[in-house]
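**Student:** Each chain is listed here by its residues.
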Amino acid sequence: GQNIDQPTEMTATEGAIVQINCTYQTSGFNGLFWYQQHAGEAPTFLSYNVLDGLEEKGRFSSFLSRSKGYSYLPLKELQMKDSASYLCAPATYNTDKLIFGTGTRLQVFP
Amino acid sequence: DAGITQSPRHKVTETGTPVTLRCHQTENHRYMYWYRQDPGHGLRLIHYSYGVKDTDKGEVSDGYSVSRSKTEDFLLTLESATSSQTSVYFCAISGGTTNQPQHFGDGTRLSIL
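Quick note, the sequences are listed as chains D and S, same order. For the first sequence, our numbering begins at 1 and goes up steadily by one. For the second sequence, our numbering begins at 111 and goes up steadily by one.
Bear in mind the hints are in silico, worked out from the structure with no lab data behind them.
BS3-like mimics (lysine-lysine), calculated; alpha carbons at most 27 Å apart, straight line:
| no. | chain 1 | residue 1 | chain 2 | residue 2 |
| --- | --- | --- | --- | --- |
| 1 | S | K163 | D | K97 |
| 2 | S | K163 | S | K180 |
| 3 | S | K121 | S | K167 |
| 4 | D | K76 | D | K57 |
| 5 | D | K97 | D | K68 |
| 6 | S | K167 | D | K97 |
| 7 | S | K167 | S | K180 |
| 8 | S | K121 | S | K180 |
| 9 | D | K97 | S | K180 |
Listing some non-contacts, in silico: residues in chain S with all C-beta distances to chain D over 12 Å:
| no. | residue |
| --- | --- |
| 10 | H134 |
| 11 | N138 |
| 12 | T187 |
| 13 | I222 |
Idealized CB from N, CA, C, for every residue including glycine.
Produce the entire structure from the sequences given, and follow the hints as far as they go.
**Tutor:** Given below as structure tokens:
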């Protein structure tokens with residue numbers, strides 16, 4: 001089975017840096033996806049990590065530690081439009097299914 | 111945007127009626143998925159398909175059936191809708207290898223009274 005843990009809510013100020021964490025326990029781990037979902041909209045793909053380390057992708061990089069079962073999104077130079085939910089989803093070998101965490105709702109204030 | 115169209119986008123119906131939601135893709139992707147999203151539960155997989163006429167259950171499949179007679183269409187049917195099936199339903203598609211992301215349709219908001 002899988003267990004995914006993310007903080008439910010976070011708040012931050014425009015221009016700041018915030019880190020959204022995800023811990024997971026997954027059999028046959030084979031990478032981790034991050035999605036962004038604005039209220040009332042569909043999830044959109046942000047990043048994928050399969051190797052340890054930081055995957056740099058503009059303002060939406062993502063970090064993975066396979067040995068610790070841990071990933072995070074470091075969001076830089078926050079903008080109001082970054083107010084959204086961020087969903088963590090580990091992938092496993094021999095399956096085409098993703099299990100999504102319940103997501104972290106980020107609110108950015110001026 | 112990935113070429114995914116869900117229909118209808120909104121529907122209100124009564125308990126006990128049959129409901130069919132449609133997902134149509136123009137990407138020729140092999141994999142298609144149906145999720146529901148409810149407050150406090152996140153996205154939960156209902157059923158998915160890995161090819162024409164090839165489908166499998168997800169974690170919350172009770173009360174739902176699916177069909178895929180063409181690569182581009184994946185139908186989700188609630189044979190006899192219940193109020194507990196009030197939710198937002200998302201379709202997703204994927205090229206299928208493990209490192210390919212799923213791309214989501216805009217969702218269907220279904221209310222069962």
